[in-house]
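All chains, please: the whole structure from these sequences, using the hints.
Residue strings, one per chain:
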Amino acid sequence: MVATIVIECLVGATGSPVTITNHRFNLGDTPTPGTNNPLRVPSSGTACSWWASHRAAFSGSYTELTDFKVSSSGGIAAAWALGTNGMVRIGVRLSGDSGCPDESYSQAKGTTNPLTGVAIDAVDGHPYYRDSSVARVDNFDNYPASNPLLIDSGPYTSSATGHTKHWVLQCQYGSDTSPGDRATQTVTVTWAEI
Amino acid sequence: MSIDGTETDQQAYPTPITRFWMKLWPNGKMTPQFRPDGSEVLWGEQNSGMIGLKFLPFSTEFAAIVQEKGTFAIPSRLPVVEITLDPSETVNVRRFNARTDGTWYHCQHCNNCFDWPMVPPEPECPQCGARNHWYCDQHGQIDNPVFFKRQESETRTVTEARCPICSEPHGLIRSTDLELVDRPTEHRIKYVVQVPDAKIIFDESTIRVERSCLKTSTTSMP
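Protein sequences, first through last, are from chains S and A. First residue of the first sequence: 1, per this note's numbering; consecutive thereafter. First residue of the second sequence: 1, per this note's numbering; consecutive thereafter.
No lab work stands behind these hints: they were computed from the structure. Small disclaimer: the values here were computed from a predicted structure and weren't measured.
For lysine to aspartate or glutamate, the following EDC-like pairs were computed, each having C-alpha atoms within a straight-line distance of at most 20 Å:
| id | chain 1 | residue 1 | chain 2 | residue 2 |
| --- | --- | --- | --- | --- |
| 1 | A | Lys190 | A | Asp203 |
| 2 | A | Lys190 | S | Asp67 |
| 3 | A | Lys149 | S | Asp181 |
Here it is in structure tokens:
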């Protein structure tokens, strides 16, 4: 059989993987909060969800897997009407793969006053992306299918079971975002295989 | 991905493939990606010495045999892609996979699933016209709720949907006629074959040949 790929979300202090096909941004460390820990619109400025760490896990038989990339629809901020400075954010490294290696995993976190997730690039944010000399946090809309973000160049060989580096996403929303239903959205992961 | 959607943990589908490769050797022998019993031969490290490469679609019968061995082979009548090679040439072959996950709306009334790209202004089932509504436990369906911003703390407000008829502030319940649910994972496949003077890119609908000696690419349809 060819390689089988699933998407995993890392949760908890050590990054336990949970298989997902969807992630609801929320104020907690889970991709499936149900109606718990909903996002709260700030009185002013912006607020953030807790960040989400995702990766691709692979198994099966293959000679080589390379070039894992992620892309968005390119229009999430507008479709979700996230308000002033609202966007889905993603951690990007200034050179090389933008994915975060296992040893640099950092559990999502937030504060209660104000009630928000900690921004990826805050002083106490994600250690792999908060240093502006080596990384930045970008608008995920800047990475549509025509310009996907390289997460892990690999290569992974010899039919090894494993996983890629993980990418870190976060929803940022302004005080002028409106309540209500949200448009459907997708995320695409691409890779090369032989 | 969702900020307001229903989530379920699902195992992903295996990656489907629509064609299989076959290496053609100078001695007339061939090495196909799948043996007659459906088991797979990995590409391996040998990228030269061939006189040709073929990419063939699966017949219904062969797809079933391959599927029994765990590979999600899709039978089709796609055209065969045949590339001639000089044995001295090195060829680089990659199958580019794209896997898309996300959400769509599920209509509880007619079981239809659909995308809602913010048009019309509220999600509406294109098949039966169902919409979500606000309900008051005293006044029934409310079409003009009051969205009240309650100051929860100095830095937080909570938006509440309230009944405009009730004299006392009264919260409303949102119906779940339309619910955000996981959409089936979508897979797309594109092959890229790189030989010294050309790159051949093909998928289910297009075969494109990019010549390195030209600044612009040429296109041919199957």
